[in-house]
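S.K.: The chain contents come next:
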Amino acid sequence: MARAGRQQTEELTPRSARAEVTREVAQGYAGERGPLLEILHAVQAEHGYLADEDVSEIADVLNLSVAEVHGTVSFYHDFRRRPAPDHQVQICRAEACQSVGAAALFDAAQDHFAHREDVEVREVFCFGNCALGPSASIDGRLRARVTIDDIAAAESGWSR
Amino acid sequence: MTTVWVPQDSSARAVGADEVAAVLATVDGVTVRRNGTRGMLWREPLVEVETDRGRVGYAGVTAEAVPSLLEAGLLVGSEHESCIGVVDEDPWLTAQDRVSLARIGLAEPTDLSAYEAQGGWAGLRRALELDPADVVEEVVASGLRGRGGAGFPTGVKWRTVLQAEAEQKFVACNLDEGDSGTFADRILAEADPFTLVEGMTIAAVTVGATEGYIYCRSEYPDAVARLRDAIAVAAEHGYLGDDVAGSGRSFRLQVRVGAGAYICGEETSMLESLEGRRGEVRAKPPIPALRGLWDSPTVVNNLLSFAAIPMILADGGEAYAARGVGRSRGTQIFQLAGNIARGGVYEAPLGVSLRELVEDVGGGTRSGRPVRAVQVGGPLGAYLPADRLDVPMGYEELAEAGGMLGHGGLVVFDDTVDMARMARFAMEFCAVESCGKCTPCRIGSTRGVETIDRITSTPAGTEGREQLFVLLEDLCATMTTGSLCAMGGLTPVPVRSALTHFPEDFGGSPR
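In order, the protein sequences belong to chains A and B.
When the letters of the first sequence are read in order and numbered with the numbering used here, they come out as residues 1012 to 1171.
When the letters of the second sequence are read in order and numbered with the numbering used here, they come out as residues 12 to 522.
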């Protein structure tokens, strides 16, 4: 009954362009076993984040409840429900990087970017670069033996 | 033309290997080729020049230094302060017993003809000639135990899956290498992905699985890309697909990418994640060998376990079992990490002492200060003090010393480390990464952070301070015995080892 109701609603309200894209991406994986994570990655790569309408659309394609999809999205650190800021600085805070000063680096980076809303400083646990720490990823690029000066130098290369 | 090799490993790229390769590519008469790392990460970017003597290495090369190196005779392998001589003769490499790492850094990672020339697929060919039960017995005879850390005999696991009757079986590789201080999976996946493909294919054709998944963490984008390339190349040449190496057997393999959850390195949580759900731990039994992916019998092994298989089949289980100590047979890829002078991957027979690895191989701390503690086996492993490093690296031997081998990672700390802070971090990490399914882990970890904070902010001699230590020990006991999986169950290990060996960092005596 619930599904019949949903189908009626769908006929009354046409999908947004975004939802159409999401649907198409999701359907591309629908033949695979257990495709939800693949789809979430692909949709996030497409739109930058997962909006409510993406979650509903994916649920519909996979014949899952919205709650099930939301539950999966919210479990994983990688998935975003809001647009990402312009710049992302991820600093490893795991043990190997801590042994060479990651805790101080993380604090320094947070202070350094405290005034910039377009920069997200996030802790992560391990890039697998544990022999050359502290490790950080700046806009997706992994760097080794990172100092706060390296981070500031990277920032100076950004167009504001 | 002179061939110059510049690694494309992600650690090498993190210290500028791409920039070095780009500069060298503009030089007349130079062909730049991109190999995997040799595993001597402290020397990255390690540039190798092909000469009559062999491949001569230059360590720590920067893009800016290339012109002066060229002037000094880089292309003919001339002496220079950064020159380490012929790489294959380097003592750090020749002292190792490289079985699984035998091929890393020698060629382009997805160069199939190089893989074949270096002995690739010999294990698969032999496995296809043998009866599946005999392949299993070969793996049992090797004594190989789960290199992800649990140490369960791999052959016994395979036998269970082989004997299970089911229409569909699976093979799954755990490449969710989230433990800090471990990176052997990443290096092998990036430098020699065919070894993993071959190991998994042997498992599949042995137990009768037709589909396989590699679950790789999202923090390893280079490994994901390399593995996908390798799978495509292997399929193109008939090593994967409907007719594996002409055997008539079918095996399809694909890479699935995690999404930033440490707990998905736990095998049942990984299976949930592969099925597209929240990575919450499953209660065992049923064991994954009988009811794993989509309720079907599934071989779940760590990448390093699969990577030992091709050699075990090619040379026989006995050859592998001839190495090692006690019930820990074969080799382990030790990962030297943290505050260490010579960090990298070092493959040696199990039984080598921790002190030898830290001091002789690793050269002590990078900071030059005294070693104070070494965490062995990842974030759930014990902190061992500098006077207890003589323990042999084996499953039982480390357990006796209060530690665990885990995935073979060693994280070295110098004398500036605050061990109360590290104990607090163990609890904090567990609180952040707990899947939340069981109470001891979900709540115990948060209470652990709070209790350690109260201990470190309550001066010695204060009334009631002693009770805080009792409370912390109670929490540890509850987590150890009451958690569903190793995350909650082992988080007390680093905490208790810090309390036992470094009480002074917690403000001294409980009273």
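Hints were generated in silico from the structure; no laboratory data involved.
Check the hints yourself; a few may be wrong.
As the list claims (entries may be wrong) - Derived DEER-like restraints, expressed as beta-carbon distance ranges:
| hint | chain 1 | residue 1 | chain 2 | residue 2 | range |
| --- | --- | --- | --- | --- | --- |
| 1 | B | Ser261 | A | Ser1076 | 28 to 36 Å |
| 2 | B | Asp122 | A | Ala1030 | 42 to 50 Å |
| 3 | B | Glu119 | A | Gly1151 | 19 to 27 Å |
For every residue, glycine included, the Cβ atom is placed at its ideal position computed from N, Cα and C.
S.K.: So, for every hint listed, does it hold in this structure?
M.R.: Outcome of the hint check:
A C-beta distance of roughly 35 Å is found between serine 261 of chain B and serine 1076 of chain A, which places it inside the suggested range of 28 to 36 Å. For the hinted restraint 42 to 50 Å between aspartate 122 of chain B and alanine 1030 of chain A, the CB-CB distance of approximately 44 Å keeps it satisfied. At about 24 Å, the beta-carbon gap between glutamate 119 of chain B and glycine 1151 of chain A stays in the expected band of 19 to 27 Å.
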